[in-house]
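**Q** For reference, the chains in residue letters:
4 protein chains.
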Amino acid sequence: MPDVVFTVDQSKSMRDQAVPGHNRWHPDVPSAVMVRPGQMIRVECREWTDGQIGNNDSANDVRDVDLTHAHMLSGPIGVEGAEPGDLLVVDILDLGPVQPPQEYGDAPGQGWGYTGIFAKENGGGFLTDYFPQAYKAIWDFQGQSCTSRHIPGVRYTGITHPGLFGTAPSAELLSRWNARERALIETDPERVPPLALPPLPDNTLAGLAQGDAAQSVAQDGARTVPARENGGNHDIKNFTRGSRVFYPVHVPEAKLSGGDLHFSQGDGEITFCGAIEMGGFIDFHVDLIKGGMETYAVTTNPVFIPGNVEPRFAEYLTFIGVSVDRETDENYYLDATVAYRRACLNAVEYLKKFGYSGEQAYLLLGSAPLEGRISGVVDIPNACCSLYLPTAIFDFDLKPSATGPVTKDRGQVAMSS
Amino acid sequence: MPDVVFTVDQSKSMRDQAVPGHNRWHPDVPSAVMVRPGQMIRVECREWTDGQIGNNDSANDVRDVDLTHAHMLSGPIGVEGAEPGDLLVVDILDLGPVQPPQEYGDAPGQGWGYTGIFAKENGGGFLTDYFPQAYKAIWDFQGQSCTSRHIPGVRYTGITHPGLFGTAPSAELLSRWNARERALIETDPERVPPLALPPLPDNTLAGLAQGDAAQSVAQDGARTVPARENGGNHDIKNFTRGSRVFYPVHVPEAKLSGGDLHFSQGDGEITFCGAIEMGGFIDFHVDLIKGGMETYAVTTNPVFIPGNVEPRFAEYLTFIGVSVDRETDENYYLDATVAYRRACLNAVEYLKKFGYSGEQAYLLLGSAPLEGRISGVVDIPNACCSLYLPTAIFDFDLKPSATGPVTKDRGQVAMSS
Amino acid sequence: MPDVVFTVDQSKSMRDQAVPGHNRWHPDVPSAVMVRPGQMIRVECREWTDGQIGNNDSANDVRDVDLTHAHMLSGPIGVEGAEPGDLLVVDILDLGPVQPPQEYGDAPGQGWGYTGIFAKENGGGFLTDYFPQAYKAIWDFQGQSCTSRHIPGVRYTGITHPGLFGTAPSAELLSRWNARERALIETDPERVPPLALPPLPDNTLAGLAQGDAAQSVAQDGARTVPARENGGNHDIKNFTRGSRVFYPVHVPEAKLSGGDLHFSQGDGEITFCGAIEMGGFIDFHVDLIKGGMETYAVTTNPVFIPGNVEPRFAEYLTFIGVSVDRETDENYYLDATVAYRRACLNAVEYLKKFGYSGEQAYLLLGSAPLEGRISGVVDIPNACCSLYLPTAIFDFDLKPSATGPVTKDRGQVAMSS
Amino acid sequence: MPDVVFTVDQSKSMRDQAVPGHNRWHPDVPSAVMVRPGQMIRVECREWTDGQIGNNDSANDVRDVDLTHAHMLSGPIGVEGAEPGDLLVVDILDLGPVQPPQEYGDAPGQGWGYTGIFAKENGGGFLTDYFPQAYKAIWDFQGQSCTSRHIPGVRYTGITHPGLFGTAPSAELLSRWNARERALIETDPERVPPLALPPLPDNTLAGLAQGDAAQSVAQDGARTVPARENGGNHDIKNFTRGSRVFYPVHVPEAKLSGGDLHFSQGDGEITFCGAIEMGGFIDFHVDLIKGGMETYAVTTNPVFIPGNVEPRFAEYLTFIGVSVDRETDENYYLDATVAYRRACLNAVEYLKKFGYSGEQAYLLLGSAPLEGRISGVVDIPNACCSLYLPTAIFDFDLKPSATGPVTKDRGQVAMSS
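Chains as they are written, first to last, in UniProt numbering: chain A, 1 to 417; chain B, 1 to 417; chain C, 1 to 417; chain D, 1 to 417.
If you're looking for bench data, these hints aren't it; they were derived computationally from the structure.
Only a predicted model underlies this, so the values are computations on that prediction, with no experimental measurement involved.
Certain hints may be false.
For identical chains, the list gives no copy identity; a pair is met inside one copy or between any two copies.
Calculated cross-link-like contacts (lysine-lysine; reagent style DSSO-like; alpha-carbon spacing at most 27 angstroms) [claimed, not checked]:
#	residue 1	residue 2
1	K290	K352
2	K408	K290
3	K352	K408
4	K353	K290
5	K399	K290
6	K408	K353
Using the sequences and the hints given, assemble the complete structure.
**A** Structure, rendered in structure tokens:
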């Protein structure tokens with residue numbers, strides 16, 4: 001019986017909740033609630049854009065999304081007795097879409113979710129040079145599986161997980177983040193999409209912070225897009241039910257916050273919000289290992305033990321990529337990012353032979369429970385990455401054979417006008 | 001009953017075999033043997049350095065290894081009827097260390113194998129800035145599992161696989177490889193380790209090529225280190241027994257060659273020869289999909305279906321890394337290579353808390369059946385990678401707990417003098 | 001968005017629901033609701049005894065349970081167009097304990113469940129000659145896992161499933177059931193526990209049947225204890241989420257009914273209600289294969305495809321039994337029941353060495369996600385069965401070693417006074 | 001580097017080996033070799049009938065097999081320091097068919113194996129009332145997978161294992177076996193097939209025993225067909241590579257013997273020699289837990305930890321059976337043997353709809369890596385068992401669908417004349 005420590009009315013913005021969440025990382029966001037080690041708690045979450053995306057057949061909402069609102073986080077959850085240097089032990093007991101009595105409705109997570117390809121000018125994504133426009137697919141949930149009217153022929157059993165949870169940074173850590181990310185931006189300040197996002201007061205939500213504290217959060221609060229030393233937006237699909245995560249604690253009370261729940265996602269989350277995005281709930285058991293950061297040398301990033309109820313697949317079709325740009329024939333030295341991009345593009349080309357549009361293939365690869373592996377990173381000059389696509393999610397035989405692929409018209413995703 | 005189409009006497013160099021193999025990629029290396037689609041064949045292999053490394057307690061042989069001999073490949077296997085544009089379908093029926101009556105002896109694969117950390121001046125590796133000297137661990141094989149006197153406390157069930165198989169490049173493809181890799185080298189020609197390895201006549205072995213052909217192979221033959229469009233040195237640990245690989249065919253007869261067998265390897269093969277290296281045998285079933293490259297858009301890299309007898313693990317401890325250099329606090333834009341390196345370094349630091357030396361931890365991470373995954377590559381500016389270390393390979397509890405790690409003296413690996 | 005077609009108020013008996021269910025198999029129980037092929041539906045269920053067992057520390061309620069009420073089934077669900085000879089295709093989309101707003105309360109399934117050892121005089125069980133008294137363990141649910149204050153040291157990730165679903169028998173089939181079971185009872189009519197349970201008007205609940213039909217159900221309706229040709233009380237732990245079951249259809253509308261939800265269960269469900277019993281919900285997708293019984297020769301029992309999200313275990317300790325009575329040294333010819341009982345008893349004795357009482361061990365074996373396998377049934381005269389106990393459910397090392405088991409006082413289960 | 005402690009020349013009978021094996025259980029069979037705890041050893045084995053079955057297309061050899069020769073066991077392996085009351089810890093490091101230079105030849109295991117349906121008058125089997133004649137299928141090995149010219153459309157990845165290993169019985173234990181099995185035979189001495197097999201001097205092979213000892217083995221030695229307290233003919237398919245078995249020790253030196261290697265087998269080994277039978281080799285690591293029988297209460301049967309490299313399947317079609325005889329409509333009280341037989345028969349009927357003959361289906365079910373599970377054994381009066389058939393072994397879609405099965409002529413197995 002978890003104690004519901006953070007509630008969300010899905011018909012309202014995160015700004016209008018009884019206790020609002022926040023959308024920047026900052027030590028001065030006060031704990032919204034205090035819990036004790038050993039407690040089981042439920043945290044309700046909004047979808048990461050605070051509900052800007054609708055269950056419809058146009059991608060205009062994706063094209064026009066205001067990303068300064070993101071990510072809408074629930075929390076912070078303060079943990080009694082937590083001090084800098086501890087490890088916060090978080091068991092994910094359960095999670096899922098929005099629960100009764102709010103199980104159906106207009107907000108993502110109320111019986112449905114979406115995957116979006118973001119426009120190059122507004123968000124971008126892993127293949128943004130190949131797919132610069134906005135697109136969208138809507139997914140309907142049926143228990144732990146889902147289907148999409150925009151991508152027929154597949155059904156996923158979701159590895160449901162939170163994209164983003166983390167502890168609050170200390171003031172010193174936050175300042176390092178801001179410094180290093182500003183330094184990166186400086187190397188190409190006009191780039192589209194940008195290299196990083198600096199603090200931005202617009203649309204900052206500072207939780208229960210008031211006055212100077214609120215202003216400080218708006219001024220200096222780190223954007224929530226990347227993963228950093230506090231955890232953050234890992235987008236690790238295997239943070240699923242049954243997982244135990246050990247977060248470094250950087251401030252008193254630890255201040256755990258998060259959200260960005262995903263019904264399913266492929267490794268890399270390649271379409272930017274490649275996951276099937278939703279609001280919902282997550283149940284935790286929290287505990288502490290006092291002084292655990294030093295004891296276990298977990299000082300730079302969290303460690304975790306994945307759960308044991310991920311969907312089980314026995315067969316995959318695997319695409320390989322090496323760090324060579326196919327168009328320019330340029331060689332990138334041991335660059336795993338380029339190698340994985342090539343594996344993704346190889347998979348897109350393959351799927352098109354079965355009748356999918358490129359956009360369908362891209363959205364599928366972002367959201368399917370596929371694995372992206374680093375295969376070789378020492379064989380100069382080429383990194384090699386591989387993408388394991390489970391064949392059981394397709395209702396046709398995906399494997400190459402002498403008879404060739406069964407091609408058919410498979411429709412199209414939601415497009416922007 | 002596979003037909004043994006390529007034999008190796010493990011007491012002799014690949015140069016002195018009845019039919020010698022080759023160590024460069026070039027279309028003019030003649031097929032050593034012809035096989036027909038549908039045939040089951042056995043190919044025997046030398047360890048990749050041609051036996052330069054010994055079963056002893058000094059890493060001097062790793063330090064002084066002559067890499068111009070590598071990789072010693074068996075083949076080419078010519079396939080009747082294969083033409084450019086086809087897909088060569090290769091089933092890996094079985095593979096393993098050297099078989100009776102040669103099962104014990106001085107060559108890697110004769111009952112033992114090794115993992116090496118190569119010196120920064122002679123090979124390098126993924127963590128070469130942290131481990132610039134040469135080190136080595138010897139592994140003894142017991143059926144499908146292995147142990148090392150240099151790394152006590154672990155036992156692996158190997159995901160045995162070939163590091164390297166591929167088809168011959170066409171003359172045009174070869175010329176593109178050489179051009180693009182030379183262009184890369186030109187960007188920093190004095191770098192140690194080098195950015196790439198250009199063709200080099202020294203110690204070239206050209207198989208059955210003679211005269212002008214042999215000279216051409218020595219002059220222009222591509223080095224075998226990286227993976228490229230023909231397959232090549234993928235170092236994909238999941239190319240294991242039961243796998244089916246679809247290789248693009250670039251020349252008549254396809255000309256399949258390979259070797260570099262690994263008893264076990266972790267994703268990334270991070271110590272350069274992070275795998276447990278060995279000679280041995282591999283059994284194939286070969287077939288063709290005529291015109292398959294175009295039919296399935298498999299034009300850039302092979303695709304494959306992994307086997308279903310990999311060791312089964314249910315529990316992992318997962319290390320996370322993001323693309324920030326911890327020492328300099330520099331941010332690398334969506335750089336999965338940096339992120340995975342950080343995950344590896346985090347794992348090394350963790351393992352040291354249990355009494356392992358850094359070198360032991362590094363060699364362990366290179367050779368253990370661990371998974372390296374690309375987790376997030378769109379969350380600007382940080383890529384996020386994760387390393388899944390199976391806990392069952394340890395004879396102690398690897399997980400963090402309130403009681404702390406059981407530390408003990410775990411000895412040391414073989415070092416160079 | 002499944003349509004909720006059968007609702008349960010967990011504060012009331014199944015007899016007092018808006019639409020009552022039934023507790024006998026009979027073709028004349030009218031469909032409580034009609035659904036169409038292709039529809040997604042939710043069915044809410046009461047715990048099988050209709051809530052006779054409480055969340056407390058006495059087993060008196062188990063000892064005194066009135067089994068004439070069992071099993072309380074939800075349904076029948078009529079399927080439009082279903083005719084005898086069809087296969088009813090049922091996908092289990094999701095299932096679980098009682099959902100909000102009823103998630104906590106006094107009925108099993110409201111945040112908790114129980115496992116019972118039934119008294120020999122009132123129910124019995126697989127080891128009733130060894131454990132003739134009533135005992136009970138209470139389990140608390142935390143997401144997909146559970147723990148018990150009565151059996152410390154274990155935590156299960158449940159393979160949640162319905163113990164009992166089935167289609168209605170035809171009049172002819174029902175009459176065969178009654179005839180053959182009465183014939184069996186006749187062979188030893190005074191046996192305790194009885195060999196089978198004949199129709200019994202006491203406490204019969206006939207759903208929406210009225211008048212003569214209701215009387216007929218009470219008079220001739222088959223008891224719900226065993227599995228039969230219509231499906232029924234299979235207690236197959238792998239009927240879990242993601243499964244697709246093909247039920248033979250024996251009457252128009254198919255009339256699917258069921259309940260007896262289990263949070264977790266071991267193969268054999270050896271303590272009679274060895275599962276962790278609960279009320280809750282189950283979501284189905286229903287479809288028909290017209291004439292499928294003949295097409296696929298599925299005429300005697302259902303077939304099914306298990307789901308792919310069962311908890312994943314990699315290590316088991318396996319107990320073996322052969323069909324010899326250890327006490328009397330009597331040999332039972334190829335008797336798998338005796339062999340499996342011996343495997344269970346061997347496991348009980350083993351667990352006692354770690355400090356568990358026999359009752360704790362027995363309740364653990366009934367409810368843990370263990371596998372019971374038929375290993376050899378042709379090696380005269382001994383059948384051989386094996387019981388695979390996953391080691392990861394224990395918080396100590398269960399395996400034999402040279403250091404011996406860590407024994408401690410592990411308390412005791414709820415007993416009867 | 002295991003020490004080869006028992007060798008077999010596959011061109012000769014077990015009787016003519018340098019050190020002969022034995023085919024009866026008796027404490028007076030002397031150890032053929034002594035090994036020490038901690039040693040790694042290789043044991044070579046003959047196929048169980050000593051090579052009476054040929055690689056041909058007639059089942060006359062199965063029909064006429066002389067079962068008094070069986071099982072031809074390698075050993076006994078004496079273990080230094082082993083005493084009654086200890087547990088003998090046996091790790092199965094590796095096993096497989098006959099190795100080079102004997103890898104091809106006329107004996108089962110030399111590149112091929114067979115599965116047999118034994119005649120009711122000479123061996124029988126689980127479905128002998130339905131298949132009373134002798135039949136045979138030959139399997140060709142390709143690495144870890146196999147195919148049969150007699151059963152097209154399937155390919156198995158074998159869960160290779162020894163059918164039979166065990167320690168020697170004490171004189172007292174042997175005498176109990178003989179007494180109880182004779183008592184069983186007495187209940188129906190003329191039965192065909194017999195209820196059990198008593199000691200029989202004909203064709204007894206007593207290893208190195210001579211004179212009185214040899215006579216005693218012939219006179220009183222227990223037949224090797226069933227599993228008993230010493231281990232013996234378990235036919236547990238999961239005794240595969242990587243397993244650790246704990247055998248009770250009943251005599252000084254433990255005296256481990258075994259053989260009856262199987263390339264693949266389904267749970268139950270339902271055709272009597274339902275496994276794919278072969279000779280070959282097995283590598284062990286042996287150790288002792290002194291006094292372990294009492295310490296762990298492992299006094300009646302061995303326990304074991306299965307290996308982690310069994311083939312991985314994600315999808316099964318599951319057949320269910322309950323303990324009712326379909327022909328006579330007789331009810332068998334909680335009889336798991338009858339229930340599993342019904343599940344097998346249901347599967348045979350199903351497979352016939354795809355064009356297999358009944359004999360093909362039966363031989364397939366005996367040898368495929370399928371699981372037979374005890375599902376419910378408390379739901380009076382019906383036991384419920386289930387048979388999990390992995391769909392990936394078929395080269396067509398085995399699942400029920402609206403389009404019906406693809407039927408074709410699939411030939412026939414080898415028959416007797």
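**Q** For each hint, tell me whether it holds in the structure or not.
**A** Now the hints, each set against the structure:
| no. | hint | in the structure |
| --- | --- | --- |
| 1 | K290 <-> K352 | between (53 angstroms within a copy, 20 angstroms between copies) |
| 2 | K408 <-> K290 | between (59 angstroms within a copy, 22 angstroms between copies) |
| 3 | K352 <-> K408 | within (10 angstroms within a copy, 33 angstroms between copies) |
| 4 | K353 <-> K290 | between (55 angstroms within a copy, 16 angstroms between copies) |
| 5 | K399 <-> K290 | between (51 angstroms within a copy, 15 angstroms between copies) |
| 6 | K408 <-> K353 | within (9 angstroms within a copy, 30 angstroms between copies) |
Going down the numbered hints, you'll see the structure goes against none, and every one checks out.
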